[in-house]
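Construct the complete structure from the given sequences, taking the supplied hints into account.
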Amino acid sequence: MTEVVLTAERITKTFTGVTALNDVSFDIHAGEVHALMGENGAGKSTLMKVLSGVYHPNAGAIHHRGELVNFTSPRDARDRGILLVHQELSLSPELSVAENVYLGAWPTNRFGVLKKKELHEKTQAALDSLGCNFGPDVRVGTLSIAKQQMVEIARVQAFNANVVIFDEPTASLTESEKEQLFIAIRRLRERGVGIVYISHKMDEIFEITDRITVLRDGELQGTVNTRDVDMAQITRMMIGRDLDQFFHRAQGAAGRDVLEVRHLEKEGLFSDINFKVRAGEVLGLYGLIGAGRSEVAETIFGVRQPDSGQVIFDGEEVDFASPKDAIEKGMALVPESRKEQGLILGMGGRVNITLPHLNLFSKMGISDTKKELEVFNYYREQLEIKTTGPEQPLSDLSGGNQQKFVLAKWLCADPKLIILDEPTRGIDVGSKSSIHKIIAGLAEKGLAVIVISSEMPEVIGVSNRILAMANGRLVGEFSGDDMTEENLINAVSEVPLESASQPSPDDKTKIHELKRTAP
Amino acid sequence: MSKTISSAGFQGVSVQPKPLRRTFMLLAEQHIWVFLGLSLLLFSLASPYFLTLNNMSNLLTQAAFIGLLAIGMTLVMINGEIDLSVGATLALACALAVGLQSSIGVWPAIFVALCSGAVMGLINGTLLALSGMHSFIITLGALIGIRGIVFIYTGESALMVEDFSYTEIVEVYLGPVSLTALIFLGFAAFFQWMLTCTKHGREAFAVGDNAKSAHEAGIRVKRHKVINFVLCGTLAAIAGVLLSMRLGTAEPNAGKIWELWAIIAVVLGGTRLQGGWGSVWKTVGGVLTLAVLRNGLSLLNTPNYIELMVMGAVLVLALVIDKVLGFGHSK
Ligand SMILES: Nc1ncnc2c1ncn2[C@@H]1O[C@H](COP(=O)(O)OP(=O)(O)OP(=O)(O)O)[C@@H](O)[C@H]1O
Ligand SMILES: [Mg+2]
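So the sequence lines, in the order shown, correspond to chains A and B. Everything in the first sequence is counted per my numbering, starting at 5 for the first residue and increasing by one. Everything in the second sequence is counted per my numbering, starting at 1173 for the first residue and increasing by one.
Just so you know, the hints here were simulated from the structure itself, not pulled from any lab data. The beta-carbon is built from N, C-alpha and C at its ideal position, and this holds for glycine as well. There's no promise every hint is true.
[Said to hold, decoys possible] Only pairs whose alpha carbons sit at most 27 Å apart, straight line, appear in this in silico BS3-like list of lysine-lysine:
#  : chain 1 : residue 1 : chain 2 : residue 2
1  : B       : K1495     : A       : K119
2  : A       : K119      : B       : K1394
3  : A       : K441      : A       : K367
4  : A       : K390      : A       : K374
5  : B       : K1384     : A       : K390
6  : A       : K420      : A       : K367
7  : A       : K328      : A       : K449
8  : B       : K1384     : A       : K151
9  : A       : K120      : B       : K1384
10 : A       : K375      : A       : K441
11 : A       : K390      : A       : K328
12 : B       : K1495     : A       : K120
13 : A       : K436      : A       : K420
14 : A       : K120      : A       : K182
15 : A       : K328      : B       : K1495
16 : A       : K120      : B       : K1428
17 : A       : K436      : A       : K182
18 : B       : K1384     : B       : K1495
19 : A       : K390      : A       : K375
20 : B       : K1384     : A       : K126
21 : A       : K449      : A       : K375
22 : A       : K119      : A       : K151
23 : A       : K126      : B       : K1371
24 : A       : K121      : B       : K1371
25 : B       : K1371     : A       : K151
26 : A       : K121      : A       : K151
27 : A       : K151      : A       : K126
28 : A       : K333      : A       : K151
29 : A       : K119      : B       : K1384
30 : A       : K420      : A       : K280
31 : A       : K205      : A       : K449
[Said to hold, decoys possible] Here are some chain A residues the structure puts well away from chain B; computed CB gaps all over 10 Å:
#  : residue
32 : V8
33 : T112
34 : R190
Take a look at the structure:
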């Protein structure tokens, strides 16, 4: 009989005007990985914040190891060994790793002087047990996202946690970093820690979790054993219907060349990049995270300057000094890291969507609110955005719904070429499919579209043509029936040795794994 | 851009800066000392009276007053707050120390003066904690209010000490270094140690860097900020008392716009305006640089407005360097 560490009984949580959780019960066993799934805004993060003391529920009870508990702050929860690894990382970048790990519980003497040596040693021990290759004295701001996550996990060790909650931990990790994380999670599970794992990536859920609980609109849909169900069943629980057609591909005929790239090169990032995109077509750019795809896109868009090569856009050679020039010429780039991409979180969706294109939405400097509202309503419906209205501050929205606003913001610009970098990251399955539909719609309207994605089914599903990229080079082009998972994997794993940059050993093993498991 | 660099690191792309660049980065990070060195060099070439023991000793003593304000300001600014009332607090302490000594005696008067600084800091901090308004607004109000009290107390004219032995208290020298300067440097060393080695000091960075995660980790953010405002007010009062000893008088306008000089010194020293990063040592560098510039320019008989323009230019330059190099810090 497995031991139950944490139970939530009939939790209800409302925010002004919104019921985020309604009568939800949930339990976590020691030594299990428990998935929490649901659409964007279903209440996953809210439930976890209730369990970890960030929010106080309006009704319901929490039992920890059989005792009724009443958390008034995250510290109370932490003192009982319940830790939340946030959807948005919450470390202090200027402090050292050790200081972050033990934040709020630094060892001191009677006079408040830090015992630095003890802090260092304890942290070193925690890092060692996780197999981290950085020391306790490094400043956290200099670490990659993945390593920062390891710092959060080191807290688990430090506070001897018995419940750990991961809220979309892999959203910005590369494959090899994800593997590292999974190794860490499995270790915790073996030690009898109860783990909650939130993610929109089905393959991860089926790889690592033991049970799945599904929420929809703040209501509990049920808890099942992972091995008893398949993807379709889970999807149905999440969205309440079957997903009709998962992918939508643009159907129109391709027109004139909109973008041509010749011999584009940037030392250390990519070299000899040649390709064309035509109006009315969706070009997929596939590769593992770190292959240099985003860097190529950013270079075309003027974020960085190439060392050599030409970019021909709409018939003329261009050399954008900044993204602003590119936007003026009719290019748009929806960047990969959307968190930092200029949403004004204190303001509502209407303002946020139209902000970069006020000239389209204003007459003589006065904004045309009616037109703005039309656009807002259009995207709210198309992208199934959960918000109470055009003026609700975006800070009140769930992570995925905030991201949808970034997409909407760029989609409504009406460009000639749009580059979408990982457009569905952090977005639930249902809305993924509507985003794919929108992408196809854009191409059918005559835009040239480039979709960068590391999700193979997604690239294959939405693209008319796919370029494969690995280690800074284009390594293959596929169209029609050649667009198969097998071809893509073979392409990205057959990398010439004299490539622009060496793959890290981790990436190499991953590629071998991919080869082995390819159908 | 730190993000792109770190993600490139994972692809195995080399991101090790070249040695030349590393030296450059190091110089940039320590730019305040470079500034200080250059301005020392410049003025010693320009004026024969500049690099004399007497002038240097004087310069250090002059720097001490704004220096004490700047130390407190550094603490508050690392928290991501600001205290505009330090100049007025200095004037209040100065007035109380001079005005009360005939009735209650010298040492009790000094004690009351120091307490007044602590109390002003406590009021600022408490208002901040309770109202949730920005410290800029609160301490701007405090600046006006405290200055008003000073004018009422002094009757709008300078107070004089009756017994001039009061001014001799600080006439103690260690070689060429005055007691006032020693007190300043002593506090600088103490607070630098506090920032790097004590719980409260390290928490200051955590609070300024990411108040939310600090709060969630159980740090009492509001209480922490109140303590720093009290420290800042107390340091201002110490500067006020020292000033009254040096001058033997208490002007109602004492320390006017000194809060701005203090802020400039702190920013020159590289403390981040949004909080989360800063160092008292570098603030000392900023204080000394400012003092050298002011002293040097006045030795050259530069008109006051030129002096102000040079100071303004230096500040802008410091901010530009800070922005361009980013110091490899995030945000
Ligand atoms: N602070 C808040 N104020 C008002 N409403 C909020 C607040 N936090 C969350 N909500 C609302 O509660 C609902 C649930 O949000 P939650 O963040 O739990 O979703 P989620 O399941 O984590 O979604 P995602 O997959 O997008 O992260 C949303 O409708 C959101 O708008
Ligand atoms: Mg969430």
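Hint-by-hint comparison with the structure:
For the proposed pair B/K1495 and A/K119, the alpha carbon gap of about 34 Å is over 27 Å, so the pair is violated. About 24 Å separates the Cα atoms of A/K119 and B/K1394, which keeps this hinted pair within 27 Å; it holds. Annotation: proposed proximity of A/K441 to A/K367 is violated, straight-line Cα distance about 32 Å (limit 27 Å). Between the alpha carbons of A/K390 and A/K374 the distance comes to roughly 21 Å, so the proposed pair stays at or under 27 Å and holds.
Our distance criterion of 27 Å between C-alpha atoms is met by B/K1384 and A/K390, whose separation comes to about 25 Å. A threshold of 27 Å between alpha carbons decides the hint, and for A/K420 with A/K367 the separation of about 23 Å falls inside it, so the pair holds. Between the alpha carbons of A/K328 and A/K449 the distance comes to roughly 24 Å, so the proposed pair stays at or under 27 Å and holds. A distance of roughly 21 Å separates the Cα atoms of B/K1384 and A/K151; the hinted pair therefore holds under the 27 Å criterion.
Between the alpha carbons of A/K120 and B/K1384 the distance comes to roughly 24 Å, so the proposed pair stays at or under 27 Å and holds. Under the criterion of a C-alpha separation no larger than 27 Å, the hint pairing A/K375 with A/K441 is consistent with the structure, at around 23 Å. Taking the CA atoms of A/K390 and A/K328, the gap is near 31 Å; set against the 27 Å cutoff, the hint is violated. Of the supplied pair hints, the one linking B/K1495 and A/K120 is violated, its CA atoms being roughly 32 Å apart against a limit of 27 Å.
At roughly 23 Å between alpha-carbon atoms, A/K436 and A/K420 fall within 27 Å of each other, so this suggested pair holds. Only pairs whose Cα atoms come within 27 Å are accepted, and A/K120 paired with A/K182 is rejected, the gap being roughly 32 Å. For the hint pairing A/K328 with B/K1495, the CA-to-CA distance comes to about 21 Å; that is within 27 Å, so the pair holds. Of the pairs offered as hints, the one joining A/K120 and B/K1428 is violated, with about 41 Å between alpha carbons and a cut-off of 27 Å exceeded.
Under the criterion of a C-alpha separation no larger than 27 Å, the hint pairing A/K436 with A/K182 is consistent with the structure, at around 21 Å. The suggested pairing of B/K1384 with B/K1495 holds, with an alpha-carbon distance near 25 Å, which does not exceed 27 Å. For the proposed pair A/K390 and A/K375, the alpha carbon gap of about 21 Å is at most 27 Å, so the pair holds. Restraint check for B/K1384 and A/K126: satisfied, since their Cα atoms lie roughly 25 Å apart, inside the 27 Å limit.
For the proposed pair A/K449 and A/K375, the alpha carbon gap of about 21 Å is at most 27 Å, so the pair holds. Distance check on the hinted pair: A/K119 and A/K151 sit about 25 Å apart at the alpha-carbon level, within 27 Å; holds. Distance restraint check for A/K126 and B/K1371: the Cα-Cα separation of roughly 17 Å lies within the 27 Å cut-off, and the hinted pair is therefore satisfied. Taking the CA atoms of A/K121 and B/K1371, the gap is near 14 Å; set against the 27 Å cutoff, the hint holds.
Our distance criterion of 27 Å between C-alpha atoms is met by B/K1371 and A/K151, whose separation comes to about 25 Å. Among the hinted pairs, A/K121 with A/K151 is consistent with the structure: their alpha-carbon atoms are about 22 Å apart, no more than 27 Å. Under the criterion of a C-alpha separation no larger than 27 Å, the hint pairing A/K151 with A/K126 is consistent with the structure, at around 18 Å. This hinted pair does not check out: A/K333 and A/K151 have alpha carbons roughly 39 Å apart, beyond 27 Å.
Between the alpha carbons of A/K119 and B/K1384 the distance comes to roughly 25 Å, so the proposed pair stays at or under 27 Å and holds. At most 27 Å may separate the alpha-carbon atoms for a hinted pair to count; A/K420 and A/K280 meet this at roughly 14 Å. A threshold of 27 Å between alpha carbons decides the hint, and for A/K205 with A/K449 the separation of about 30 Å lies outside it, so the pair is violated. With a closest Cβ-Cβ approach of about 26 Å to chain B, A/V8 is found to remain outside the 10 Å limit, as its non-interface label requires.
For A/T112, the requirement that its beta carbon stay farther than 10 Å from each beta carbon of chain B is not met, with the minimum near 5 Å. Non-interface call for A/R190 relative to chain B: holds, since the shortest CB-CB distance, roughly 22 Å, exceeds 10 Å.
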